[in-house]
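K.L.:
Letter by letter, the chains look like this.
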Amino acid sequence: MKLTFNAADERFREDIASWLQAHLVGEFEHLKFRGGPGDEHMFPEERKRWEQELAAGGWVGIGWPEACGGRGASIEQQVIFAEEYARAGAPGRIGHIGEGLAGPTIIAFGTPEQKAKYLPGILNGTEFWCQGYSEPSAGSDLANVRTRAVRDPDSGRWRITGQKIWTSLAHESQWCFVLARTEPGSVAHRGLGFFLVRMAQPEITVRPIEQLTGTSEFNEVFFDDALAEDLVGEPGDGWRIAMTLLGFERGVSTLGQQMQFQNELDEIIRIARSNGAASDPAIRQRIAEAHTGLRLMRYNALRMLSGDERSGPDSSALVYKLHWASWHRNLGALAMDVLGPEAELLDGAPYELTRLQSLFLFTRSDTIYGGTNQIQRNIIAERGLGMPKEAKGR
Amino acid sequence: MDFTFTEDQLAFKEAISRFLMTEAPPEMLRDIWETEDGRSPELRRKIAEQGLMALSVPEEQGGLGMDDIAWSLLTQELGYYAIPDSMADTAYVAAGLLRALPDGTTGREDMLTRVADGSIRIAISHSINPLVADVHLADKIIVEHQGAIHLVSREQAGYERNESIDSSRRLSKISVTPTADSQIAAADTGAAIWEQTLNRGALAVAGQSLGLAQRMLDLSVDYAVQRKQFGKPIGSFQAVKHKLADVVSGIEFAKPTLYRAAYALANNDARADLYVSHAKLASCEAAWVAARHGIQVHGAMGYTWEADLQMFMKRAWALNASWGTRDFHRQRIADDILADDAQIGPRYTFGE
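From first to last, the protein sequence lines stand for chains B and F. The numbers in the first sequence follow the working numbering, run straight up by one, and end at 395. The numbers in the second sequence follow the working numbering, run straight up by one, and end at 868.
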């Protein structure tokens, strides 16, 4: 056990910290602390330019292998990057789905041609991705995908028809990876394919969904015989690839997310100190609990990444989503309680939320998206504890 | 950044675990409950033979020279098997205190040698705990008095037994009149050592609580898989499995805080207080939830004297308030992060 960073890592920290200090200025200054969860709809164009700035500095895909254009940065360095990124208040990443999900999937399963075609656009911060998984009847039951892919017998190309929903940033993305049924009549996780689809085509319609926050971060996406650019792997490999990809989601990105959480908690502490709430013993205790919960996440993520094999098969990874989602939901409630009666007052008309109101409302969704708490508990009990499965309807 | 354990640490833990599994089954622990002293000298001797008592005694005094990190694994084993004897008090908490004393302090080397060979039982009296465990059999009692460290024998300390809800615990209220003769370290050295001792005691409780939680989880999973209602194992129902998912979630999340705190203590980290409070809170909470959901999953069986679940639940409940209540530890954290000069932000929170 060694819980410190070495000298090379500390130099890396200085590199990224000073780079951020030098570049997060001028046209990017106003993006500080913006674009995070609940605020993702803000400043998309400026944040895309920021992605290119980051890319020019060589800070996109640092964890990717060098052979694929990354830096092959160690886990420690990726952690440091996430820490310094958040400390500087650098804006929410609009390229995270490409960098964290699409890219690693193509690296793991794509052909050399696919890598050459898709990875550079992600690495240079010009091409953005969204994720086409959920459907109206495939939510918690993700395997119930009905969107279908049909191969044109003449051209050999795949065409996609169906509907995806809750697609974050679909309106800002050039590309979408889509889970679709390649074998007619197949059920559940069999007979699915993993497709890469260009968004700019008349056969695709994107319709924003207005959230209870009054803003729109996600969309419905309709495919009407839309052309798929590429199939990753073979027809029928879709589920395996999709599941591997979900594993990437629990990787280093969780550490960046924790830094956002820390900034939010600090904001709540700052307000509690200034409005007197910090002298209320009940509030003090809840702040202490929130602080402890964030520490739990931190150490759990680090243990996960340092590969403590004695912690059992993925047991810490399995419980991670349940923990952070519940923690963040409670943080939102704490923010409202620290504000007191002021909590309900809007920043302005027509429906302008304060930062903490956005936090509170957004965190109502944390225990739902990316697998509800109930689904997480099923997975933990069945895969982690080996408990019997509940009967399913098919 | 590396959260893994060495082969030595893991091998030692495995050996102790296998040993306790065969040598300390629940029915034996129930037999020990019935004895006046509540302790089995034979079990203690056998455990000492395995080297547990010598774990953190320096090699010069015949010990293994391991540290808090190894103990963070072993206290979990003591909890998992609900070992009644307060071995960690002597071998971990007292040994740590003795090690921290300046060389040549009255009785230091002699006591460390005897801790390592298993021939001494030391009870620790710290003002945070109103009662002291295993005074009735202690050879020596180390007493906190206004920051100074005093050493007395059982005969010098008057004590009065108090019964615990946990039939394995043997608690006493002691009355010691500290004198110049009994003092082995003055408050100027003693205060810092006591602070460290409190942290070590809290960490011993945290480790045991996690072990207890894991045992309660294992018992509950077994029960839920075997017990059938409506023609199916009750463990297939979501209302049941979700409770146990919450238990394992609490345990898995608490573990790295225990390890982080042990690492801080072993390396004399200036913020060890904070790390220990995180670990104590998270571990005791995990045990609390394991007990609450465990008894619910067991149904009426969980409320019986016969079911072993009670042994682990009661230990968890009893340990919960020792070496600092939840309020104490939450307050320590709140004071730290809400202080006027508190350094907050990712650099400070995540700078370690």
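Just so you know, these hints were derived from the structure itself, not from any lab. Since the model is a prediction, treat every value here as computed from it, not as a measurement. Think of the CB as a built atom: it goes at the ideal place given N, C-alpha and C, for glycine as much as any other residue. Careful, some of the hints might be misleading.
Stated by the list, open to error - List of simulated lysine-lysine pairs, PhoX-like, C-alpha gap at most 25 angstroms:
| # | chain 1 | residue 1 | chain 2 | residue 2 |
| --- | --- | --- | --- | --- |
| 1 | B | Lys116 | B | Lys49 |
| 2 | F | Lys744 | F | Lys759 |
| 3 | B | Lys118 | B | Lys49 |
| 4 | F | Lys689 | F | Lys830 |
| 5 | F | Lys744 | B | Lys390 |
| 6 | F | Lys748 | B | Lys390 |
| 7 | F | Lys562 | F | Lys529 |
| 8 | F | Lys759 | F | Lys689 |
| 9 | B | Lys49 | B | Lys33 |
| 10 | B | Lys393 | F | Lys759 |
| 11 | B | Lys390 | F | Lys759 |
| 12 | F | Lys689 | B | Lys393 |
| 13 | B | Lys393 | F | Lys748 |
| 14 | F | Lys748 | F | Lys759 |
| 15 | F | Lys529 | B | Lys3 |
Unchecked claim - Going by beta-carbon spacing under 8 angstroms, a handful of chain F positions derived as facing chain B:
| # | residue |
| --- | --- |
| 16 | Phe519 |
| 17 | Leu647 |
| 18 | Ala740 |
| 19 | Tyr779 |
| 20 | Leu797 |
K.L.:
It remains to establish, for every hint, whether it holds in the given structure.
P.N.:
Here is what the structure says about each hint:
The hinted pair formed by Lys116 of chain B and Lys49 of chain B meets the criterion: a straight-line CA distance of about 22 angstroms does not exceed 25 angstroms. A hinted pair counts as satisfied when its Cα atoms are at most 25 angstroms apart, and Lys744 of chain F with Lys759 of chain F qualifies at roughly 17 angstroms. As the CA atoms of Lys118 of chain B and Lys49 of chain B are separated by approximately 20 angstroms, the hinted pair is consistent with the 25 angstroms bound. For the proposed pair Lys689 of chain F and Lys830 of chain F, the alpha carbon gap of about 20 angstroms is at most 25 angstroms, so the pair holds.
A hinted pair counts as satisfied when its Cα atoms are at most 25 angstroms apart, and Lys744 of chain F with Lys390 of chain B qualifies at roughly 14 angstroms. For the given pair, Lys748 of chain F sits about 10 angstroms from Lys390 of chain B by alpha-carbon distance, which is consistent with the 25 angstroms threshold. Distance check on the hinted pair: Lys562 of chain F and Lys529 of chain F sit about 16 angstroms apart at the alpha-carbon level, within 25 angstroms; holds. Distance check on the hinted pair: Lys759 of chain F and Lys689 of chain F sit about 38 angstroms apart at the alpha-carbon level, beyond 25 angstroms; violated.
For the hint pairing Lys49 of chain B with Lys33 of chain B, the CA-to-CA distance comes to about 14 angstroms; that is within 25 angstroms, so the pair holds. With a CA separation close to 20 angstroms, the supplied pair Lys393 of chain B and Lys759 of chain F stays within the 25 angstroms bound. For the given pair, Lys390 of chain B sits about 15 angstroms from Lys759 of chain F by alpha-carbon distance, which is consistent with the 25 angstroms threshold. Proximity of Lys689 of chain F to Lys393 of chain B is assessed by CA-CA distance (about 58 angstroms); at most 25 angstroms being required, the pair is judged violated.
For a cut-off of 25 angstroms, the pair hint linking Lys393 of chain B to Lys748 of chain F stands: about 14 angstroms separates their Cα positions. As the CA atoms of Lys748 of chain F and Lys759 of chain F are separated by approximately 18 angstroms, the hinted pair is consistent with the 25 angstroms bound. Annotation: proposed proximity of Lys529 of chain F to Lys3 of chain B holds, straight-line Cα distance about 19 angstroms (limit 25 angstroms). For Phe519 of chain F, the shortest C-beta to C-beta distance to chain B is roughly 4 angstroms, which falls under 8 angstroms, so the interface hint holds.
A cut of 8 angstroms between beta carbons decides the hint on Leu647 of chain F: the least distance to chain B is about 26 angstroms, and the hint is violated. With a least beta-carbon distance of about 7 angstroms to chain B, the hint placing Ala740 of chain F at the interface is held under the 8 angstroms criterion. Restraint check, Tyr779 of chain F versus chain B: the minimum CB separation of about 5 angstroms is within 8 angstroms; hint holds. Evaluation of the Leu797 of chain F hint against chain B yields a held restraint, the C-beta minimum of about 5 angstroms falling below 8 angstroms.
Figure legend: structure checked against the earlier numbered hints; hints not met, in rising order: 8, 12 and 17.
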